[in-house]
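**Student:** Spelled out, the chains give:
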Amino acid sequence: MAALTTKPATRPRPRPRYWRGVVALVAGLYFLGPLLASVIFTVDVPGQGFTLGAYTGILGADGFLASLRLTMELAVATIAVVFLLLVPAMIATRLAAPRLSSLVEIVCSLPLVVPSVALTAGFVSVLRWGPTKLSRTPFYETILQIQNPSFPVVLVLVYVLMALPLAYRTLDAGLRAVDLSTLVEAARNCGASPARAVLQVVLPNLRGALLNTAFLTLALVLGEYTAGAILGFTPFAVWIVGIGGSQAQVSVAVSVLSLVLTWVLLLILAAAGRGRSFRKSRTSQETS
Amino acid sequence: MTATLEFRGLRRVFGSTTALDGLDLTVQPGELVALLGPSGCGKTTALRILAGFEQPDAGEILVDGEDITGVPAHRRNAGMVFQSYSLFPHLSAADNVAFGLRMRGVGAAERRKRAAELLELVGLPTHGDRFPHQLSGGQQQRIALARALALEPRVLLLDEPLSALDAKVRVSLREEIRRLQLELGITTLFVTHDQEEALSTADRVAVMHGGRLEQCAPPAELYDSPATPFVAEFVGTMNRIPGRTGSDGTVEVLGRRLPLRGEAKADADVDALVRPEALDVTVGGDARVVTASFHGAVTRLTLALADGTTLKADVPSHRAAELPAGAAVTVGLPDRPVLVDDRAR
Amino acid sequence: MTTASAATPSPAAAADDLGGGSGGAAIAPPTRKKRRRSTGWLAVLPLLLFIVVAFGLPALAIGIGAFTTSDDAPDPAQWTGDNLRLSVHGAYLTALLGSVKLSALTALLGVALGLPLAQAVITSRFRALREAVLAASGVLANFGGVPLAFAFVATLGNSGEITQLLHLSDHGWSLYTFSGLTLVYLYFLVPLMVLTITPALEGLRTQWREAAQNNGATARQYWLHVALPVLAPSLLGGFVLLFGSAFAAYATAAAMVGSSVPLITLQIADALSGNVLVGQGNVALALSLDMILIAGVVMAVYVPLQRRSARWLR
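Chains as they are written, first to last, in the working numbering: chain A, 1 to 288; chain B, 1001 to 1345; chain C, 2001 to 2314.
Hints are computed from structural coordinates only; laboratory data are not their basis.
Virtual Cβ for every residue (Gly too), placed ideally from N, Cα, C.
Don't take every hint at face value.
[Stated by the list, open to error] Here are some, though not all, of the chain A residues that point toward chain C, as calculated from beta-carbon distances under 7 Å: (1) A27; (2) G28; (3) P88; (4) A97; (5) L100; (6) V117; (7) G130; (8) P131; (9) L157; (10) I230; (11) A237; (12) S251; (13) V252; (14) T262; (15) V264.
[Claimed, not checked] Here are the computed distance ranges between Cβ atoms for each label pair: (16) A192(A) to T1126(B): 52 to 58 Å; (17) L59(A) to S1016(B): 51 to 57 Å; (18) T2177(C) to L52(A): 30 to 36 Å; (19) N205(A) to P1324(B): 33 to 39 Å; (20) A2104(C) to S1136(B): 41 to 47 Å; (21) Y30(A) to G2203(C): 22 to 28 Å; (22) S2174(C) to V22(A): 44 to 50 Å.
[As the list claims (entries may be wrong)] Short derived list, chain B residues pointing at chain C, Cβ under 10 Å: (23) R1048; (24) G1070; (25) A1073; (26) F1082; (27) S1084; (28) Y1085; (29) S1086; (30) H1090; (31) R1147; (32) A1150; (33) L1180; (34) V1298; (35) T1299.
Next comes chain A alone, as it looks inside the complex (with noise of 0.2 Å):
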């Protein structure tokens, strides 16, 4: 049996927790540093001082606003073709057949199992039968088109591809969130025809889900490189290497200040999103 201390009375202090201090610190530096160092790196030129030439020369740079344009434009349509896409077959598989779900989860998450380099490789295969194997039929014309270097559609393809597993864990999350069935059943039970409840009851309650994809996706195409690069196009991320060959400066300008958007943006969507689910699961603690 223990041996309890004859000590009196002397309350243990808490221990003192330096080691959240010191991991705090180690990480602040490593994540924050490079950042502050781009910074640095863009707004003083030797020879120059401090200068914002840089990010002033952003907007002229040759190209910015093509590549920047073009990877918005595709940014949204992978966006929409996702949700067309997802939307509709993790709803309806979950209210009506839910051994498709598995069967939904599997396909999304094939894309995981292929780099996108290889994944580029299939592609850039695929796309060669247009010229050799499949010149005599219709789907040359096909392949030539989804290459159009004004719109490339095989870009679209590629990034709905890579976004498939995110953004169905993002919206399998938020579809375990909310009770579907029963709240399709309430709906239906109020008058509404199965489309209207969908469209009126379920998606309103999926926003933050739905919102949560499109910004996800949106990162993703936003950093995309290896398809665009190899495939040979000009989106944002191929632009801002390329350009920094020639203008060191203003490409790490771009660098920080698409990374510093993307983080505000995702900063203020998971500070909605979870500020509600967040005061919904709070439970305070039993004093009794």
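Could you slot chains B and C onto chain A? The hints should help.
**Tutor:** Only chains B and C this time, still in chain A's reference frame:
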């Protein structure tokens, strides 16, 4: 072997909530004391302070006269059974039970032997190799109990161990806990919000309210002689009958003048507190039977007095036939001192 | 604890179809059930078609191409194992091993660093900090590539700020090496680890810690005998996930090192842009197949680990 437990002037405040407001309680060796009260009354806080998971703002805890308030939790040797989810999921039942021994550095063979003994003691000798997720709630709590006893603690702490279980399992398990406790003769503190649990298992019940001890007494005394109105109403069912105190230590209620039990303001409007089984119901009068509810040996009648007061009265079921719903009855009181409380709104 | 609802849908264990939660299958008229099923199929059809075309075709191309002689080879097209053989020899083998080495090292470091960081964040008293860090991790884990590479070039590159400040190049430091790349990879791997391990850490019930203390365990013993063993599946799962991420990364390396560090992703990209020996065009596809196989193994290990830890840490 088994210890005396004492709480002295325990105080604990969480932010703006006072969880404990000066708790004084002594538990004798081998006694099972139930800490009973509604949620928020401080009973779990008191237990956790004893176990070492919380520090009191003021006051002491003494085990066998030694002040253990400054001792860290892992050295207190006060075996505790939590409400739920406390078994380590990655260990088998036997390994869970032997965990404390392993922390002490006891050898593997000795640990196995001891774990087997304890599993036998709680009635699960063949379940040693099962994992927590393969056990039912009741079985998990038995393993938790075995684990708490493994280090031969001087005190056993039970934090609402049955609340998360099904009703039937609850009854059988509480009887087992009591049986084990008596067999081992270990000083035990049992926290619960279920009065039936407390009254049926404990040697003494400490009723707590708002961080203070209202009364600590054997179950029968608690029931028959509640010290405060809170205890009277919390334990069992209690009727409130409007009456008026006189200036001579009596109270007028239901047309009779009876002596007062305890203190009360003179010449004031009060409610008399009377148990359902103490009311005497006879046919004929200006009260009415509203509903009757069959409870086996007794039938509980809901009565309405002429002035609108609702009462509950227990009558033997064989008399229920003469007192159907709607019947006119008279309600009488026994010739005993009456406990009163300020008139409720 | 008795297992609760099927929170982790498994491809293998499909739930029984009771049709949208209303009534038993035996009671619902067969036409209604059939109509619901067909609605389900209808809704899934676009998705399936898309996958078949956009994913199936490239996958097919890789599968066939890896085993076919290249178009620009002197011999006519035929089935051959040459591509695969070549893909694990010479420069390609170096690249493959380089990728595996880099991924393993960064994954290990990512786990070792991500765990204390996650623990520090969730035990913090500031709720806002926790939310902010998790949101930040979400961004950093998925952002990747080019901006990251450039930020580091601006910091620790040959003319980077810190390099100049501390005269690092005089001490032999170069960002464009294996170790430099490791440092950069951690920037998105550590947040990924934090995201993965945080739910597991939060799943560590306080009762376990208290029960351990109650049984005489010191803080060290608690971590050694309870917390780490319970977290083990999640930690392993995290390692595997990080490995997969690092292994598949391309943009960062491409934007930074060019070909000075041998990595398989860089090799494939080179091969695709024609930077290969004549007659070996399809080796790129063989290399892609290698990558897919490795990624497949990674997933096959990750999923059961994930299940196990989810069960314990519900």
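**Student:** If a hint holds in the structure, say so; if it doesn't, say that too.
**Tutor:** Now for the hints, and whether the structure bears them out:
Annotation: A27(A) was flagged as interfacial toward chain C, and the flag holds, the nearest CB pair being 5 Å apart, inside 7 Å. Given the 7 Å rule on beta carbons, the hint for G28(A) is violated: about 11 Å separates it from the nearest Cβ of chain C. About 4 Å separates the beta-carbon of P88(A) from the nearest beta-carbon of chain C, less than 7 Å, and the hint is met. Interface restraint check: A97(A) against chain C, minimum CB-CB distance 3 Å, threshold 7 Å, status holds.
Annotation: L100(A) was flagged as interfacial toward chain C, and the flag holds, the nearest CB pair being 5 Å apart, inside 7 Å. Using the Cβ-Cβ criterion of 7 Å, the hint placing V117(A) at the interface with chain C is satisfied: the shortest such distance is roughly 5 Å. For G130(A), the shortest C-beta to C-beta distance to chain C is roughly 12 Å, which exceeds 7 Å, and the interface hint is violated. Taking 7 Å as the C-beta cut-off, the interface hint given for P131(A) is violated, the closest approach to chain C being about 11 Å.
At its closest, the beta carbon of L157(A) sits 5 Å from a beta carbon of chain C; the interface hint therefore holds under the 7 Å criterion. Checking I230(A) against chain C by beta carbon gives a least distance of about 6 Å; that is within 7 Å, so the hint holds. At a threshold of 7 Å, the smallest CB-CB gap from A237(A) to chain C is about 4 Å, leaving the interface hint in force. Below 7 Å, beta-carbon pairs count as interface contacts, and S251(A) has one with chain C at about 6 Å; its hint therefore holds.
Annotation: V252(A) was flagged as interfacial toward chain C, and the flag holds, the nearest CB pair being 5 Å apart, inside 7 Å. Because the beta carbon of T262(A) sits about 6 Å from the nearest beta carbon in chain C, less than 7 Å, this interface hint is met. This hint is violated: V264(A) has a C-beta 9 Å from the nearest C-beta of chain C, more than the 7 Å allowed. Distance hint check for A192(A) and T1126(B): the Cβ-Cβ separation is about 56 Å, which falls inside the suggested range of 52 to 58 Å.
The hint said 51 to 57 Å for the Cβ distance between L59(A) and S1016(B), and at roughly 55 Å that hint holds. Between T2177(C) and L52(A) the beta carbons are some 33 Å apart, a value that agrees with the proposed interval 30 to 36 Å. Look at N205(A) against P1324(B): about 53 Å separates their beta carbons, and that is not inside 33 to 39 Å. Taking the beta carbon of each, A2104(C) and S1136(B) are about 43 Å apart, inside 41 to 47 Å as hinted.
Taking 22 to 28 Å as the suggested C-beta distance range, the pair Y30(A) and G2203(C) conforms, at roughly 27 Å. Checked against the given bound of 44 to 50 Å, the beta carbons of S2174(C) and V22(A), roughly 29 Å apart, lie outside it. Hint on R1048(B) holds. Least Cβ distance to chain C is approximately 8 Å, under the 10 Å limit. With a cut of 10 Å, the hint placing G1070(B) at the interface with chain C is violated, because the nearest CB-to-CB distance is about 15 Å.
Here the hint on A1073(B) is kept, as its CB sits about 4 Å from the closest CB of chain C, short of 10 Å. Taking 10 Å as the C-beta cut-off, the interface hint given for F1082(B) holds, the closest approach to chain C being about 5 Å. The criterion of a C-beta within 10 Å of any C-beta in chain C is met by S1084(B), whose closest approach is roughly 7 Å, and the hint holds. Taken as an interface hint, Y1085(B) checks out: its beta carbon lies about 5 Å from the nearest beta carbon of chain C, inside 10 Å.
A cut of 10 Å between beta carbons decides the hint on S1086(B): the least distance to chain C is about 4 Å, and the hint holds. Taking 10 Å as the C-beta contact cut-off toward chain C, the hint placing H1090(B) at the interface holds, the least distance being around 5 Å. Taking 10 Å as the C-beta cut-off, the interface hint given for R1147(B) holds, the closest approach to chain C being about 7 Å. Because the beta carbon of A1150(B) sits about 8 Å from the nearest beta carbon in chain C, less than 10 Å, this interface hint is met.
About 18 Å separates the beta-carbon of L1180(B) from the nearest beta-carbon of chain C, more than 10 Å, and the hint is not met. The interface hint given for V1298(B) is broken, as the beta carbon of that residue sits about 37 Å from the closest beta carbon of chain C, more than 10 Å. A least Cβ separation of about 39 Å between T1299(B) and chain C goes past the 10 Å threshold, and the interface hint is therefore violated.
This entry does not satisfy hints 2, 7, 8, 15, 19, 22, 24, 33, 34, 35, going by the numbered hints stated previously.
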